[in-house]
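These protein sequences, in sequence, are chains A, B and C.
Those letters in the first sequence? Residues 1 to 288, per our numbering, in order.
Those letters in the second sequence? Residues 1 to 386, per our numbering, in order.
Those letters in the third sequence? Residues 1 to 272, per our numbering, in order.
Because the hints were derived from the structure by calculation, they are not lab data.
If you're wondering where the values come from, they're calculated on a predicted model, not measured in any experiment.
Wrong hints could be hidden among the right ones.
Unchecked claim - Each pair of labels, with its calculated beta carbon distance range:
| # | chain 1 | residue 1 | chain 2 | residue 2 | range |
| --- | --- | --- | --- | --- | --- |
| 1 | B | A150 | A | V29 | 52 to 60 angstroms |
| 2 | B | P229 | A | V29 | 48 to 56 angstroms |
| 3 | A | A51 | C | G83 | 35 to 43 angstroms |
| 4 | A | I133 | C | G83 | 39 to 47 angstroms |
Said to hold, decoys possible - No farther apart than 20 angstroms at their CA atoms in a straight line, the calculated lysine to any residue pairs in the SDA-like style are these:
| # | chain 1 | residue 1 | chain 2 | residue 2 |
| --- | --- | --- | --- | --- |
| 5 | B | K128 | B | T162 |
| 6 | B | K128 | A | K8 |
| 7 | A | K8 | C | L182 |
| 8 | A | K8 | C | T183 |
| 9 | B | K302 | C | P133 |
| 10 | B | K180 | A | V145 |
| 11 | C | K43 | B | F83 |
The beta-carbon is built from N, C-alpha and C at its ideal position, and this holds for glycine as well.
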Amino acid sequence: MQAAMNTKRNLVTAALVAPAAAWLCVFLVLPFIAMLIFAFGERAPEGGYQAAFTFAQFANLPTRAAAFWNTLVLAPVGALLCLLVAYPVAYYLAVKANPRYRLILVSLVVVPFWTSLLVRTYAWMYILGSRGIPNLLAMIGIEDVRMLNTPGAVLLGIVYGYLPLMIMPIYVSLEKLDRRLLEASADLGGRPVSTFFGVTLPLSLPGVMTGVALVTILLLGEYLIPQLLGGGKVFFIGNALVDLFLQSRNWPFGSAIAVTLVAVVVVVLMVAMRIAWKVAGTRQVDLV
Amino acid sequence: MTKWYRENAPITADKLADELMRLKRGSVTRRHFLGVTGLGLATAVLARQPGLFNSAAFAGDLGTQMSIATWPNYHDPATFEAFTAATGVAVEVNVFGSNEEMLAKLQAGGTGWDLFVPTNYTISTYVKLGLIDELDMSKLPNYDASTETARFTNEGIVEGKTYAVPKNWGTTGIAVNSNKIKAPVTSWKEFFDVAITEADGRAMVHDYQLTTIGNALVALGYSFNSIKPDELVKAEELLIRVKPHLYAINSDYQPSMRATDAWMTMCWTNDGAQLNRDMPEIQFVLGKDGGEIWSDFYAIPKSAANKAAGYALLNYLMTPENAVKEHIANGAPTTDSRVLKLLPAEVTSNKIVYPDEAALTPLEFGAAVTLTDPGRAELMARFKSA
Amino acid sequence: MRAFVSSVYLFLYAPIALVVLFSFNAGRNASEFTGFSTAWYGKALGNTFLVAALQNSLMIAFTSAALAAVFGTMAALGMERLGTRTRAVFDALFAAAIVVPGVVIGIATLVALVAVFSFVNPALATIWPGDQPPQFGLGYGSIIAAHGLFSMALVTMIVKARIASLGRDIVEASSDLYATPLTTFRLIVLPQILPSILAGFLLAFTFSFDDFIIAFFVAGSKTTLPIYVFASIRRGVTPEINAIATLVLVASLLLILTARVLMREKKSKSGE
Chain A
1 MQAAMNTKRN LVTAALVAPA AAWLCVFLVL PFIAMLIFAF GERAPEGGYQ
51 AAFTFAQFAN LPTRAAAFWN TLVLAPVGAL LCLLVAYPVA YYLAVKANPR
101 YRLILVSLVV VPFWTSLLVR TYAWMYILGS RGIPNLLAMI GIEDVRMLNT
151 PGAVLLGIVY GYLPLMIMPI YVSLEKLDRR LLEASADLGG RPVSTFFGVT
201 LPLSLPGVMT GVALVTILLL GEYLIPQLLG GGKVFFIGNA LVDLFLQSRN
251 WPFGSAIAVT LVAVVVVVLM VAMRIAWKVA GTRQVDLV
Chain B
1 MTKWYRENAP ITADKLADEL MRLKRGSVTR RHFLGVTGLG LATAVLARQP
51 GLFNSAAFAG DLGTQMSIAT WPNYHDPATF EAFTAATGVA VEVNVFGSNE
101 EMLAKLQAGG TGWDLFVPTN YTISTYVKLG LIDELDMSKL PNYDASTETA
151 RFTNEGIVEG KTYAVPKNWG TTGIAVNSNK IKAPVTSWKE FFDVAITEAD
201 GRAMVHDYQL TTIGNALVAL GYSFNSIKPD ELVKAEELLI RVKPHLYAIN
251 SDYQPSMRAT DAWMTMCWTN DGAQLNRDMP EIQFVLGKDG GEIWSDFYAI
301 PKSAANKAAG YALLNYLMTP ENAVKEHIAN GAPTTDSRVL KLLPAEVTSN
351 KIVYPDEAAL TPLEFGAAVT LTDPGRAELM ARFKSA
Chain C
1 MRAFVSSVYL FLYAPIALVV LFSFNAGRNA SEFTGFSTAW YGKALGNTFL
51 VAALQNSLMI AFTSAALAAV FGTMAALGME RLGTRTRAVF DALFAAAIVV
101 PGVVIGIATL VALVAVFSFV NPALATIWPG DQPPQFGLGY GSIIAAHGLF
151 SMALVTMIVK ARIASLGRDI VEASSDLYAT PLTTFRLIVL PQILPSILAG
201 FLLAFTFSFD DFIIAFFVAG SKTTLPIYVF ASIRRGVTPE INAIATLVLV
251 ASLLLILTAR VLMREKKSKS GE
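All chains should be built: construct the whole structure from the sequences, respecting the hints.
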């Protein structure tokens with residue numbers, strides 16, 4: 001009887017996880033294995049893939065050092081810039097805003113997600129192009145300013161595109177913060193500044209860490225923003241990858257870079273978690 | 001039928017019969033018929049349901065849509081609108097910045113293109129890889145091989161079989177905004193010199209190995225088509241030295257040149273003619289030290305889903321009356337003497353479009369080997385990710 | 001501080017305002033405003049390819065999000081009952097599906113599918129009795145599968161967190177009262193996790209609808225809205241794109257508003 005019930009229970013469990021397991025196997029594990037195999041292959045004479053076993057692709061990785069470097073510098077820098085802009089907004093929403101309008105204000109942060117990032121980034125191409133801000137600058141006598149296709153433009157696009165993703169986790173962690181703590185701190189004679197650094201900031205650190213890690217990791221694979229606002233000059237590793245598949249048709253090298261990128265993401269993630277544990281003193285850092 | 005309905009119906013029964021007869025006689029297009037009778041919307045909806053409605057019966061097996069892969073700013077949009085009006089086939093236009101990109105798409109499979117525009121030096125490779133079909137010339141009655149200029153058409157013929165027919169020829173030169181740049185730019189050497197001085201941050205090169213590497217090689221005194229490793233190393237040095245000074249690496253430079261975000265660019269004849277037509281301060285010059293002369297072709301991918309429509313559009317484009325409008329809008333020189341006769345004098349006398357033979361002498365046709373040479377592909381990728 | 005927050009909102013909305021403004025441009029160019037007109041809305045809705053791309057995107061986003069919601073919820077429920085080691089494997093795989101960059105997912109799926117098709121199709125051709133053997137290729141299926149991967153992981157994570165916060169006592173209390181597991185699920189668990197499933201579905205839908213890079217690699221000859229927009233950035237954007245973007249924005253705003261109103265009514269009915 002007990003055994004029959006156990007079997008039934010196991011069958012139900014298996015049925016529940018089976019679709020997800022199949023999906024993960026066919027569309028995550030299998031592709032990853034295929035990519036690994038390709039990474040040890042050779043570029044066919046006309047491009048594409050041809051079977052071989054060589055480490056040549058991995059040996060060639062240093063030729064993309066600049067793209068990796070760009071990504072590893074601009075991704076955290078972009079995330080930190082995002083944080084600088086996002087924190088005051090999240091703080092205002094959670095602590096200062098009139099509760100009557102809070103929900104509306106929070107929703108307004110999320111709404112831009114509903115318009116295509118592509119279209120919004122295209123709008124920035126116009127704003128930064130010479131008919132936009134440089135044109136306005138020319139009116140006050142500052143001629144020939146160039147904004148588009150610079151690292152600055154890419155960083156701006158990054159802050160713009162990822163700001164909501166940074167605001168939300170910080171807002172959530174600040175919202176949980178017990179307002180009585182702030183009052184207590186004030187009653188004990190704490191000045192607003194010391195209350196902020198002594199109470200508010202430490203308590204919001206999990207949110208901050210979540211936001212920074214989330215944005216950094218998404219940025220490591222960014223393609224669109226550098227492509228549109230960097231003019232093919234500010235190159236992320238994602239751009240190098242797309243290039244290898246859609247121009248040079250070097251599938252094995254592209255696969256090797258993709259594998260390396262995944263390794264980089266894992267390392268960054270682990271470092272981020274380690275820092276998060278240290279800084280926030282908690283293991284409760286949700287990345288999702 | 002109530003009186004109200006009769007008066008307010010989009011079309012009366014008699015008129016419908018009348019229009020139907022006109023359609024059958026062929027005196028109106030299907031588009032006109034559908035528009036007048038209000039059936040257009042209905043068929044458009046029904047045609048989306050495969051099997052529900054046999055659209056082929058209407059359009060003579062052409063289907064309702066097709067797709068073409070071509071270059072930026074390369075066609076008169078009115079040409080496709082007219083083709084759609086005549087046949088009911090809507091044309092989707094995809095643009096690409098390099099032949100490599102088109103090849104990559106075709107190699108990965110599933111492009112959905114029914115017609116595309118490869119450049120002369122790529123065709124033998126497409127044939128070798130089995131990616132394009134030999135053209136069925138019986139479906140292209142409007143094409144006339146005898147009126148074509150052999151110099152620009154011979155690469156469409158591989159082992160005696162015609163795989164591609166020419167669209168137009170052209171050159172790769174330099175477009176310079178003379179309001180912004182005063183230094184003389186008459187060669188590729190000067191192009192790269194000015195790019196790091198007067199045009200600092202304002203010059204563009206193509207996102208295309210053939211022309212970007214080729215013109216760098218020319219600036220150094222080598223052949224446009226070189227694949228010699230030592231010469232490619234020099235070209236890479238030059239390109240990487242210039243890169244921080246560039247405005248962008250992009251084959252679609254017209255928007256940037258028009259907005260004067262960019263002041264100087266590598267430029268194809270047709271873009272040069274279009275830019276100069278609208279902004280006379282933008283001049284188009286050929287490198288006196290060399291550069292590229294090319295011809296672009298139409299070919300049909302083996303994987304095309306709607307070959308009938310591909311042939312129909314190709315045949316339509318080969319009609320001299322249609323081709324002449326394309327040439328006026330596009331600005332590239334024709335390979336077809338029938339079209340040349342129809343072109344107005346201001347086009348045929350335009351030195352950007354039809355330069356003197358002497359200016360063409362230093363130019364080279366792209367060589368097939370550059371398309372697949374791994375050294376050039378990797379150089380371009382390194383240059384972009386540097 | 002207020003001034004700073006206001007300027008951030010301005011920063012967020014200025015490009016969107018620009019997009020909406022240019023959708024009413026009379027001129028053909030998306031970069032010079034030459035007069036007011038609604039003509040581009042008509043043109044956009046009459047453009048077969050643009051409308052098809054929009055339909056494709058809606059269909060793909062809905063299908064992948066729905067599949068993800070069902071399978072993801074099932075997985076979240078099932079994982080509760082798994083042994084520690086198996087569960088760790090699942091956790092790792094789901095985390096990977098979320099963390100691996102989209103560009104890598106796109107490439108890996110492309111590489112794997114092309115490799116699989118390259119021997120499945122010829123094999124099918126040899127054993128197929130008829131003249132026209134079916135050909136597998138990239139298309140709707142591959143986009144839905146690749147989007148569904150990320151979405152399913154997302155739904156699983158969200159629902160799992162919700163289940164964890166439910167506590168076992170409520171479920172145990174229910175079974176103590178001799179409710180069958182199915183009844184317990186239907187009456188106790190499902191109502192509690194439904195908001196999380198819905199949230200997961202919405203996030204998944206948004207992700208798929210806006211995704212460019214994965215679809216760019218695995219779409220084959222199919223066009224989604226982001227792919228269409230990307231292609232038109234290269235061939236010169238007309239205000240048609242702005243018009244469609246505006247319509248999508250308005251539609252989603254209406255959806256959010258409706259959801260808010262419905263939720264408020266529900267709350268006031270339940271006396272909260």
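Hint by hint, here is what the structure shows:
{"no.": "1", "hint": "A150(B) to V29(A): 52 to 60 angstroms", "in the structure": "holds, 56 angstroms"}
{"no.": "2", "hint": "P229(B) to V29(A): 48 to 56 angstroms", "in the structure": "violated, 40 angstroms"}
{"no.": "3", "hint": "A51(A) to G83(C): 35 to 43 angstroms", "in the structure": "holds, 39 angstroms"}
{"no.": "4", "hint": "I133(A) to G83(C): 39 to 47 angstroms", "in the structure": "violated, 59 angstroms"}
{"no.": "5", "hint": "K128(B) to T162(B)", "in the structure": "holds, 14 angstroms"}
{"no.": "6", "hint": "K128(B) to K8(A)", "in the structure": "violated, 59 angstroms"}
{"no.": "7", "hint": "K8(A) to L182(C)", "in the structure": "holds, 13 angstroms"}
{"no.": "8", "hint": "K8(A) to T183(C)", "in the structure": "holds, 17 angstroms"}
{"no.": "9", "hint": "K302(B) to P133(C)", "in the structure": "holds, 17 angstroms"}
{"no.": "10", "hint": "K180(B) to V145(A)", "in the structure": "holds, 14 angstroms"}
{"no.": "11", "hint": "K43(C) to F83(B)", "in the structure": "holds, 18 angstroms"}
Violation of the numbered hints given earlier is confined to hints 2, 4 and 6; the remaining hints are satisfied by the structure.
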